[in-house]
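Student: Sequence:
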Amino acid sequence: MSDGLYIILVLIAFSLVFTIMFIFFRSIRTMQEKKKAEFNLEDSEVKFKKKLSLLREENLDLKKQVEKLMERDKKKSSLYLSISNEFRNPLTLIISPLEQMLSVSKCNDEKKKLASMLHNSHRLLELINQLLELSKFETGQLKLATTKQDIVMFLHVILENFYIVAQYNKLDLEFHNNNKEIFLFFDGQKMEEVIINLIINCIKFTSSPGKIEVSVLEAGQKENGEIKIDSSGYVEIRFQNSGPCISDAQLLHIFDLFSRAEYLQTADEDYVGKAIGMSLTRDLIELHHGTLDVKNELGKGTIFIIRLPKGKEHLSPEEIIDNPVSVEPRKSDQFPVYFPMGLSESEPEQVCISDMKNIKKMDEKITALIVDDNSIIRKYVHRQLAPSFNVIEAVDGQDGVNIAREKIPDIIISDIVMPGMDGFELCHSLKTDIKTCHIPIVLLTSQASSESISRGKNVGADDYIIKPFNSNELLLRLNSVLLKRKESELDKEFLKETREFIEQNLLKPELNLTLMVQRFKMNPIVLSRKLFALTGEPLEKYIRSFRLDRAVELLKNTDRNISDIAFSVGFINTGEFAGYFKEKFNQLPTAFKHSLDSKLELPKDKVK
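Each residue of the sequence shown is one higher than the last, beginning at 0 in numbering that gives the first Met the number 0.
Keep in mind that the hints were calculated from the coordinates and are not lab data.
All figures in this text were calculated on a predicted structure; none of them were measured in a lab.
Heads up, the beta-carbon is just placed ideally off N, CA and C, and yes, glycines get one too.
Treat the hints with care, since some could be wrong.
With a Cα cut of at most 25 Å, we get these calculated SDA-like pairs of lysine to any residue [stated by the list, open to error]: (1) Lys540 - Asn511; (2) Lys48 - Arg28; (3) Lys430 - Lys299; (4) Lys406 - Ile375; (5) Lys142 - Met152; (6) Lys491 - Pro537; (7) Lys147 - Val164; (8) Lys48 - Leu59; (9) Lys299 - Phe254; (10) Lys520 - Ile375; (11) Lys583 - Ser544; (12) Lys430 - Ser544.
Using C-beta positions, here's what the derived DEER-type ranges look like [claimed, not checked]: (13) Glu159 - Asn522: 21 to 31 Å; (14) Leu53 - Leu126: 12 to 22 Å; (15) Glu575 - Arg404: 30 to 40 Å.
All chains should be built: construct the whole structure from the sequences, respecting the hints.
Tutor: What follows is the structure in C-alpha cells.
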C-alpha cells in the first residue's frame, strides 16, 4: 500500500471517528438541552399554574368585590327608597296644614310667612324626589319604557299647563313647530319630568317682562331662513328665555351635581340653579340616547337644546313596550310650579263637601275606612275626613280586610307599604270578594313611580293619591270616586242574581231581607249595605220598586183588573198598592189604566 493511500485511509478513519464523536456529543448535548427544556417547561407550567391560581383567586376576589358593590348599591337604593318614604309622611303633616292655614288667613304678613314655609316644604319634597331618581340612575335601576308618541302633541299638552303661570309672572310663553306631528320613541313619564324641569327653570330665571320660546325642529327644517339641524337622525327641542344669561364659566358646570350656576341680575337666593334637577334632567336625556346642551346667544338669553334620535334602532328590545299600560297624565295642579311668594291676591277655592249632597246615602254621613300602619298619618287623615265622613281605622292590611268585610264601608283609603299584607294585596283581596268588590279603594301612598301606579290600577284601585297630599284635593278625589263609582263584573252578576231571585219570589208578600240572607248566605248588614251601594235604595224600597215596575208591565200588556195585578206582584192590600203606585208614578193605577185604554181607543191617524 502506498504512503498516499495510507494517509487517505487514516484521514477517513479520523473523520469517521470525529463524526461519530461529534454526533455522540451532540446527542448528549441535545438530550441535556431537551431535559433542560423539559425542566424549564415544567417549571414554566408550575409558574403558569401558580399565576393562573393567583389570577383565579384575584378574579374570585374581584367577583366578590363586584357582588359586594352590587349588594351595596341595592341596599343604597333600598335605603334611598326608605328615606324617601319616611320623609314624605312628615311632609304630608307639614304641607297640608300649611295649605289650610294659608287659605283661611286674613293677615297679609302672616300669609307671606305661611307661603314661604309652604314654598320651602315643596322644595324639600322636590329634592327628595330628585335624589331618589338619581339613586336609581346611579345603580342602574332607572330603565327606559318607551312607546311611539307624537312629541309635538306631548309638548303641547304639557305647555298648556304653564301658560297661566307664565302670564302670572308677566312672561310670554310661545310654542313653535313646523310639523303637525313628529313621532319618536320615548318614555313619557321621564320625558315629562325633563320638559317640566326645563320650562320651570326658564320661568324662574327669566326677568319680567320677558319671553320664553319652546320650538321643535326636524332635520333640514328652517327657522328664520337658517337650517338648524344638520343630522337627519335627530329631532331638536329648544328652550330659550330672554335672559339674564349665565356666564360662560358657569355654563361649563351647570349640569354637574351640586354645582350652582347663579344667574346674573338675580337677587333672590331662591332663584339659583338647582344642580340636582339639572343633573337629573341631563341623565334622563342621556338615558334616551340623546344629548342636552346649553349655550348663550348674544341679545337672546340662554338656550337649552335637547337632541333626541329618531327611529328605534338605538334602543334595546327591553326598552320598547309593545303594549304599554295606560297611565293618566298628571293634572296641571300636580306640576311642581312655584308662584312668587306672597303675591297671590286670590286664594284657591276651599272644598266643602261636608253634606255630600250629590251622593245617595242611608245615614247622615258616608263611612270611610282608613288603612295605614303609621298612626300619625292615620289620625291626620281621620281629622281631615271627620267633618264629612263617619271614619273608621285599620292598623294594617289584614286588619283593613277584616274590618271592610265586617263593616262594608262606602270607601277605603289605604296605604301601600305596610307589614304583612300590603295595599296591593288588600285591594286585590277586596275587589275579588263579592261582598266587598263594589267598595271604591283609593291608594294613598309615598310610592310615586309609574310601576306602582300601574300595579295599583291592575289590582282594581279606583284612584291613586301620592303623599304629601293636599287635603282639599283628597276630599275632591274621594267625592269624585264616590260619584263615578262603576259596577264591577261581580257586582253585575250579583245584581242579576238578585233580580232573578226577586222575580222567582214575586208572589210572596213576605219577600224581605230574611229570605235574601238565606239565598245569598251573607250577613244581613253586609247584604243590606251592599245592595244599597249598588242600587242607591234600601232593600225594602228596591223590592217594592221592582213589584211596581212589574205591575206597570202587567197593566200595559194584559186585561187583568187592578186587584188581581196587585196580588200577583206581592201586595196583599189593594189600597197599599195604590198608595205606593201613586208615590212612584204620580198617578193612581186606575188613572194609569184609563190613560192606556184611552190611547188604545183612538183611531190610528189620531195617535201622536
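Student: Mind checking the alpha carbons of Lys48 and Leu59 for me, to see if they're no more than 25 Å apart?
Tutor: Within the cut-off at roughly 16 Å; holds.
Student: Measure nothing beyond the straight line between the CA atoms of Lys147 and Val164; if it is 25 Å or shorter, mark the hint as holding.
Tutor: Distance ~30 Å between Lys147 and Val164 Cα, so the pair is violated.
Student: Would the pair Lys491 and Pro537 pass a check requiring their Cα atoms to be no farther apart than 25 Å?
Tutor: holds, 18 Å
Student: Would you check the hint for Lys48 and Arg28, treating anything up to 25 Å between C-alpha atoms as holding?
Tutor: Status violated; Cα separation ~29 Å.
Student: Would you mind confirming whether the straight-line C-alpha gap from Lys430 to Ser544 stays at or under 25 Å?
Tutor: The hint is violated at about 29 Å.
Student: Checking one constraint from the list: CA of Lys142 to CA of Met152, max 25 Å. Satisfied?
Tutor: holds, 24 Å
Student: Mind checking the alpha carbons of Lys540 and Asn511 for me, to see if they're no more than 25 Å apart?
Tutor: It holds: about 10 Å lies between the C-alpha atoms, which stays within 25 Å.
Student: Tell me if the straight-line CA distance from Lys583 to Ser544 falls inside 25 Å.
Tutor: Holds, because 8 Å separates the two Cα atoms, which is no more than 25 Å.
Student: Assess, step by step, whether the Cα of Lys406 is no farther than 25 Å from the Cα of Ile375, and give holds or violated.
Tutor: holds, 23 Å
Student: Are the Cα positions of Lys299 and Phe254 separated by 25 Å at most?
Tutor: holds, 21 Å
Student: Regarding Leu53 and Leu126, is the given constraint of 12 to 22 Å on their beta-carbon distance met?
Tutor: violated, 47 Å
Student: Could one say that the CB atoms of Glu575 and Arg404 fall in the range 30 to 40 Å?
Tutor: 37 Å Cβ-Cβ, so the 30 to 40 Å window holds.
In the structure shown, a violation is registered for the earlier hints numbered 2, 3, 7, 10, 12, 13, 14, in ascending order.
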